Amino acid sequence: MNIKYRILALCIVLLGSVSLFGQQVTDLRLNEMLVVNDSNYVDEYGRHVPWIEIFNTSYNQVNIAGCYLTDDTTGLSVGDASRWYRIPTTDPTTWIPQRSSKVFFLDNSPLYGTYHTNIDPNTSANHYVALINSNGKTLIDIFVYPEALLTSAQSYGCYDDGINTKVENGKKVKNMGMLPYATPGSVNKVQVGATKSEHLQKSDPHGIGLAVISISVVFAALIMIFLMLKIFGYTATRKDRKAKKEQAADVPAATANVPANEVGPTGEELAAITLALHLFFNSQHDEESEIITIDMPSKHYSPWSQKNLVMKKVVRRR
Amino acid sequence: MKEFFIEGLQQFFNYSGFANCEWGNLIMIVVGLIFITLAITKEYEPMLLIPIGFGIILGNIPFTDGLQVGVYENGSVLNYLYFGVLKGVYPPLIFLGIGAMTDFSALISNPKLILIGAAAQCGIFAAYAASLALGFTPMEAGAIGIIGGADGPTAIFISSKLAPSLMGAIAISAYSYMALVPVIQPPIMRLLTTPKERLIRMRPPRAVSHREKVMFPLLCILLTAFLVPTGLPLLGMLFFGNLLKESSVTKRLANTASNALIDIVTILIGLTVGCSTQASTFLKVESILIFVLGAFSFVIATACGVLFVKLFNLFLKEGNKINPLIGNSGVSAVPDSARVSNVEGLKYDKTNFLLMHAMGPNVAGVIGSAVAAGILLSFLY
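Taken in order, these protein sequences are the chains called G and Z. The opening residue of the first sequence carries number 1 in our numbering; numbering runs sequentially from there. The opening residue of the second sequence carries number 1001 in our numbering; numbering runs sequentially from there.
Simulated from the structure, these hints should not be mistaken for lab results. Remember, predicted model here, so these are calculated numbers, not experimental data. Take these hints with a grain of salt, some might be off.
Partial selection, computed: residues in chain Z whose CB lies under 8 Å from chain G [what the hints assert, rightly or not]:
#1 1128
#2 1209
#3 1215
#4 1228
#5 1232
Quick list of in silico lysine-lysine cross-link-like pairs, PhoX-like style, CA-CA up to 25 Å [to be verified]:
#6 Z:1317 to Z:1196
#7 Z:1310 to G:230
#8 G:244 to Z:1213
#9 G:244 to Z:1161
#10 G:239 to Z:1161
#11 Z:1317 to G:230
#12 Z:1161 to G:202
Simulated restraints, written as ranges between beta carbons of each label pair [claimed, not checked]:
#13 Z:1378 to G:73: 20 to 26 Å
#14 G:220 to Z:1206: 55 to 61 Å
#15 Z:1226 to G:125: 57 to 63 Å
Here a beta-carbon is modelled for each residue, glycine too, at the ideal position from N, C-alpha and C.
Construct the complete structure from the given sequences, taking the supplied hints into account.
Given below as structure tokens:
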């Protein structure tokens, strides 16, 4: 019984690890492809050959080893991988870092190395390349390319890395097309032209424009707060003003003619009286502290500085 | 055996700091010691200068590369702590603490003082233009200019985004000038004011209700963040901290933000910024230029604040006038610049206490510099 449970637990762990691996591999996407490679990416033998890029869309590194690349998915349902290119499992470079890509050559030369496949788009009957999971049955991604790619010097791929469809006006549309720049091994969406900062340097070389705009915005922001606080103040003191008005209306005519400074003590006078009373009440004391000392107590008291606590006590014999 | 012994000792010596020491490291260690001395003997911003000074010493202890001990070495403890500076995590947390400590009553009771905080931000943009003229790129110029805001966390936040390579010099420059506020500002204030103006007595501020204090952070964040969303991390945390304080129902949170949290982050930011000033990356001509530009931006910011008050007084009735000695407080070195206003005011009239009045533009300067930082980010990042 105990052994059965152990076997079951082992199976669950193995199953979990397989599914985990599968889940990570499913984050891979066929991202970009170039067939007419006249002056673009060169393989390690110095040849210009067609290539395809695989992009890892996840934020974890993924090992592509064991997966298949093919231009003919016949046999997918039965897991017949005999005609597919299997990515070697012995090569440690098959790990694709997060949000990065690997380039595979479609040169029909699988003996040239890990990244050389048995696919040649120029002789292929199908216009697609498929990425299949190591189990030989799960299709991870299929990259369908137009026939025009076979004669075009441009590459074909996702406009945004790893995203082959997008939603426009509520409809799912293709997010792929001929790309202006072939970018093997790097992001498809390249920044063309000047950056924000470079553009600013050209249009405002002395920084005066930016200074004027920025100061205006700072003033605008703080003026808005100023106006808000003004309204605040007005509404907050409205009650006080109302009360004062009512009080003024209640004051008899005789006292109304009395000068303001004779009506009552001013704020400063009240403060002086309060201070005097405070001093008077707090300065009276009959009892002294009865502590006579010439030493100031230590400012930095710490039990570490207490001799009786840190010294070893002498054992007394009785 | 003898050879092994000698080789072992030689190897150990090669790993030690003595073998790898360069003049630059020694110079920076001396700078660190000066910072610590100034903090202890003169009490110039000790909370900042001691961690920074000690960080400078730590960052300039020579070592062999690859030991994973340096601040720029991936995986080292200091590198992990430095992550908070590099990614702009610490500055918003410091703003949270500042918000939880700041009383905006002076500003709420006398709202016109907020405009002084705006005027003092001119220093940022003057330094930006000057940096461009000296050949810095717009992104670097933006990061250098923010020193004029006199706000250390904002300077670190902006430089981490716009010019991470200059962050050490910018942060050290900003904090140094903040510490030197009592030295830099008074001569400019005296130069730009007349003895009569220095005697102006301002009307005492009115009492501010609890409702006003609670509404202030809420409305301010809505106004400023909608206008400059790029300033959200700083402004959001500042006003959030203030709401924690003023709501009066989250005392524990406000207490943590204004005590334990800000203390922890100040220690980490000071130490790691100090560590980032390794001689190899810090001792350059650019660093000297940054220090010069920082001083220039401080001077311009102070002068603009004072001159703006003088201009403003032309439109104010007698009795409502503002003492131009509080103009310097528009730079957001809280509360040092407000204290300078008070001290200068007392020199000319021993009963004219300007501290509460100066706190208004001082906290307005914090808001102003965060807004200015947001604008720089939206233009340059």
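### Query
What are the numbers of the hints that this structure violates, sorted from low to high?
Going through the list in order, the structure violates hints 5, 9, 10, 13, 14 and respects the others.
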